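**Q** Each chain, written out:
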Amino acid sequence: MKSNIIPAIKLTVATIVLFCGIYPAIIWALAQFTPSGGKGESLTVENKRYYANVGQNFTQDKYFNGRPSAVEYNSASSAGSNNAMSNGEYLTTVQARIDTFLIHNPAVKKSEIPVELVTASGSGLDPDLSPKAALVQVKRIAAARRIPEQQLRQLVSGHIQKPFLGLFGPENVNVLRLNVALEKL
Amino acid sequence: MAETDADPSAALRLKYIFKMNTEIFGVTATYVVTILLAIPLGKYIARVYGGEKTLLDPVINPLENVIFRFSGIDRKSQMNWQQHLISMLTINFVWFLLCMFMLMNQGWLPLNPDGNPGQSADLAFNTSISFMVNCNLQHYSGETGVSYLSQLFLMFLQFVSAGTGMAAAVVLFKALKEKTSGQLGNFYNLLLVSCTRILLPACIVVATLLAFNGTPMTFEGKDHIVTMQGDTVGVSTGPVAAFVAIKHLGTNGGGYYGTNSAHPLENPNYLTNMIEMSAQMIIPFAMIFALGFFLKRKKMARMIFGVMTAGFLILCVPTIIWESQGNPAIAKLGIDMSSGAMEGKEIRFGSVASGFWSIATTVISTGSVNSMHDSGMPLSGMTQLLAMMTNAFYGGCGVGILNFFIYIILAVFISGLMVGRTPEFLGKKIEAREMKIAMIVALLHPFLILAGTALTASFPAITSATTSNPGFHGFSQILYEFTSSAANNGSGFEGLGDNTPWWNITTGIVLLLSRFLPIIGPVAIAGLLANKRSVPQSAGTLPTDSATFGMMIFAVIVIITALSFFPALTLGPIAEYFSL
Numbered sequence: 001m002k003s004n005i006i007p008a009i010k011l012t013v014a015t016i017v018l019f020c021g022i023y024p025a026i027i028w029a030l031a032q033f034t035p036s037g038g039k040g041e042s043l044t045v046e047n048k049r050y051y052a053n054v055g056q057n058f059t060q061d062k063y064f065n066g067r068p069s070a071v072e073y074n075s076a077s078s079a080g081s082n083n084a085m086s087n088g089e090y091l092t093t094v095q096a097r098i099d100t101f102l103i104h105n106p107a108v109k110k111s112e113i114p115v116e117l118v119t120a121s122g123s124g125l126d127p128d129l130s131p132k133a134a135l136v137q138v139k140r141i142a143a144a145r146r147i148p149e150q151q152l153r154q155l156v157s158g159h160i161q162k163p164f165l166g167l168f169g170p171e172n173v174n175v176l177r178l179n180v181a182l183e184k185l
Numbered sequence: 001m002a003e004t005d006a007d008p009s010a011a012l013r014l015k016y017i018f019k020m021n022t023e024i025f026g027v028t029a030t031y032v033v034t035i036l037l038a039i040p041l042g043k044y045i046a047r048v049y050g051g052e053k054t055l056l057d058p059v060i061n062p063l064e065n066v067i068f069r070f071s072g073i074d075r076k077s078q079m080n081w082q083q084h085l086i087s088m089l090t091i092n093f094v095w096f097l098l099c100m101f102m103l104m105n106q107g108w109l110p111l112n113p114d115g116n117p118g119q120s121a122d123l124a125f126n127t128s129i130s131f132m133v134n135c136n137l138q139h140y141s142g143e144t145g146v147s148y149l150s151q152l153f154l155m156f157l158q159f160v161s162a163g164t165g166m167a168a169a170v171v172l173f174k175a176l177k178e179k180t181s182g183q184l185g186n187f188y189n190l191l192l193v194s195c196t197r198i199l200l201p202a203c204i205v206v207a208t209l210l211a212f213n214g215t216p217m218t219f220e221g222k223d224h225i226v227t228m229q230g231d232t233v234g235v236s237t238g239p240v241a242a243f244v245a246i247k248h249l250g251t252n253g254g255g256y257y258g259t260n261s262a263h264p265l266e267n268p269n270y271l272t273n274m275i276e277m278s279a280q281m282i283i284p285f286a287m288i289f290a291l292g293f294f295l296k297r298k299k300m301a302r303m304i305f306g307v308m309t310a311g312f313l314i315l316c317v318p319t320i321i322w323e324s325q326g327n328p329a330i331a332k333l334g335i336d337m338s339s340g341a342m343e344g345k346e347i348r349f350g351s352v353a354s355g356f357w358s359i360a361t362t363v364i365s366t367g368s369v370n371s372m373h374d375s376g377m378p379l380s381g382m383t384q385l386l387a388m389m390t391n392a393f394y395g396g397c398g399v400g401i402l403n404f405f406i407y408i409i410l411a412v413f414i415s416g417l418m419v420g421r422t423p424e425f426l427g428k429k430i431e432a433r434e435m436k437i438a439m440i441v442a443l444l445h446p447f448l449i450l451a452g453t454a455l456t457a458s459f460p461a462i463t464s465a466t467t468s469n470p471g472f473h474g475f476s477q478i479l480y481e482f483t484s485s486a487a488n489n490g491s492g493f494e495g496l497g498d499n500t501p502w503w504n505i506t507t508g509i510v511l512l513l514s515r516f517l518p519i520i521g522p523v524a525i526a527g528l529l530a531n532k533r534s535v536p537q538s539a540g541t542l543p544t545d546s547a548t549f550g551m552m553i554f555a556v557i558v559i560i561t562a563l564s565f566f567p568a569l570t571l572g573p574i575a576e577y578f579s580l
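In the order they appear, the protein sequences are chains R and A. As numbered in the numbering used here, the first sequence has no gaps in its residue numbers, which increase by one up to the final residue, 185. As numbered in the numbering used here, the second sequence has no gaps in its residue numbers, which increase by one up to the final residue, 580.
No wet-lab data here; the hints were simulated from the structure. Here the structure is a predicted model, which means the values were calculated and not measured. Possibly wrong hints are sitting among the right ones.
What the hints assert, rightly or not - List of simulated lysine-lysine pairs, DSBU-like, C-alpha gap at most 30 Å:
id, chain 1, residue 1, chain 2, residue 2
1, A, Lys43, A, Lys222
2, R, Lys39, R, Lys184
3, R, Lys10, A, Lys76
4, R, Lys132, A, Lys429
5, A, Lys76, A, Lys177
6, R, Lys110, R, Lys10
7, R, Lys10, A, Lys299
8, R, Lys48, R, Lys132
9, A, Lys332, R, Lys110
10, A, Lys298, A, Lys76
11, R, Lys39, R, Lys139
12, R, Lys162, R, Lys110
13, R, Lys184, R, Lys48
14, R, Lys39, A, Lys76
15, A, Lys43, A, Lys299
16, A, Lys177, A, Lys332
17, R, Lys39, R, Lys109
18, R, Lys62, R, Lys10
19, A, Lys222, R, Lys48
20, R, Lys48, R, Lys109
21, A, Lys332, R, Lys139
22, A, Lys436, A, Lys332
23, R, Lys39, R, Lys10
24, R, Lys109, A, Lys332
What the hints assert, rightly or not - Stretch-level coverage of chain A by chain R, calculated; a stretch enters the list once three of its residues show a Cβ under 8 Å from a Cβ in chain R:
id, segment
25, 372–378
26, 492–500
27, 565–571
The beta-carbon is built from N, C-alpha and C at its ideal position, and this holds for glycine as well.
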């Protein structure tokens, strides 16, 4: 043990320099060549800067609303609800979300509400909706903004991100980009 | 009229099937591409440990030489298996002390732009152990619980803990090589080359890919923005890309953010999700192929890979199906369930990739998550638990093979008894001493999990308030936490309020025992075998690389797991399933 301790300490120091110093420095330097300069993809609209990948809290009827969040989209402290499927209180919450949605969207039938609109995301910061979950809100937004439904449907279709290479993964719609475009209509 | 009615619905159904299929294509492609990449990587790894020339020599040789000269280590001096273990334990102890100091004092140490406070002693104890043992059970949240300096130091442990596991596996490789004596290489050398020649180059590639897909890599503190609706919110950033690369390649799994790879900055899109899934599987896969190349026993490597793959698929396929079906209790509320079980899941990954990841991360000891396991289907919880309970289907960096080796020894012994011959493995006799060690290691895992769970359940005054869900699922939360600790996995049913002295200390102890005994045991067996005289193969020798023997190993794994854990699983996930 004794003959090992000094080499062990010295090797630790040397490898700390390598893995805590040199390695992150290399990645940091490479990240400067990314479009965002390593600060995370952002989106600037009318001098306001947003993080394109971080979901925001949209609750007003005139916007496409994102998914429920266990942390109200607090991007300084992410979390999921961690509710179990069998948790009775949780099922009451889901029922309440369904009822609220139906009040705000009276033209929508219950069977048309996609499950992702009444369940909280894993991160609490989900930036996306499925195309279906965006389209189901069109009637409400059309009424709130007095815009023809057809125009909103086109807006949503234009914002659908296809699966990677057209083959891998689900389709999704970035809620922030969609709402930015909505404001410009 | 009837036809026009049928047509749109048929078209819709086709479209729906294709949509679901893009999710299935995604995971299938990731899995297949990873295996294809792991074969050449395995060849490369075998060359690295064999001391042969490789492409990166001109860059890395001088770097390693500087490090060894500074440390006063002669990389060529050979160690026997006991010396290996002593070196390993010594350097791990140094890391532990340093990490304790760092975490408790991070409040005043530099690189703390968000002003996060130092950790309490019990939390620092748990965090230090869990990163040292390659588990990364995080009882804190990355945004508020650690400074940037601590994140960087934890990243250091993610490198060297993975390197430790790989070095230990190579001691086994060397001991199994024919005509070897007690000279099994130098531990410090194996540790360093694992980090510099395998993990580091791969991390640079993965981290760069992540950074170019929007994962932050900055040293600026928390950002503040005003949202479109006018709320002011903070956005945590930091050196995320570098951290996420090693967290996966080293099968560590500790997230930069509280929600790990479900966080949109840690895992921004489906491509990064594929990269991260692949990164966590590739080295465990490649280590098995490396074993085959190193020992020149490719058939045996194929047999091991086959058994592990069978186990993985048996757990993975049903999980994907259950997750894409969704929660029956929500289905009763009458809404559209076609997206599956979406509580705790992200839209950009979908239920299929989330289900796949949940099994990949638990069979391998990564423990990173891209969905919240706590909110998954009850039986998916069971398959995740089973993946960690067997702990040998692929397994973590290096340690996966060590765990599997124990099952091989048990299978050799049992089948030896069945055909009435002295059990042999690669020409070496397996005798009472080796069997005792193998049994202790095999029984330790269920013992730690079940004793920890039972103990916790018997002190409801301290522990019942920490479970966030009622009933059977609350029990599953306790069982999961100990299973994850004993498998050195690090994922959790995260609703558990685990930052209490009880959880920090009990799981800390479980982590220590379940890391080092399952390394010491197999290395000791290998060392003992290496010293034995080789018995020439005869017609009566039981072939240990055949499909039949593979099935034997599989049966041993199933019997040990089923007998040990079935009662506990009945009280948790199975009971929850029937209550839905």
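**Q** List, from low to high, the hint numbers that the structure doesn't satisfy.
**A** 1, 4, 6, 7, 11, 14, 16, 17, 18, 20, 22, 23 and 27
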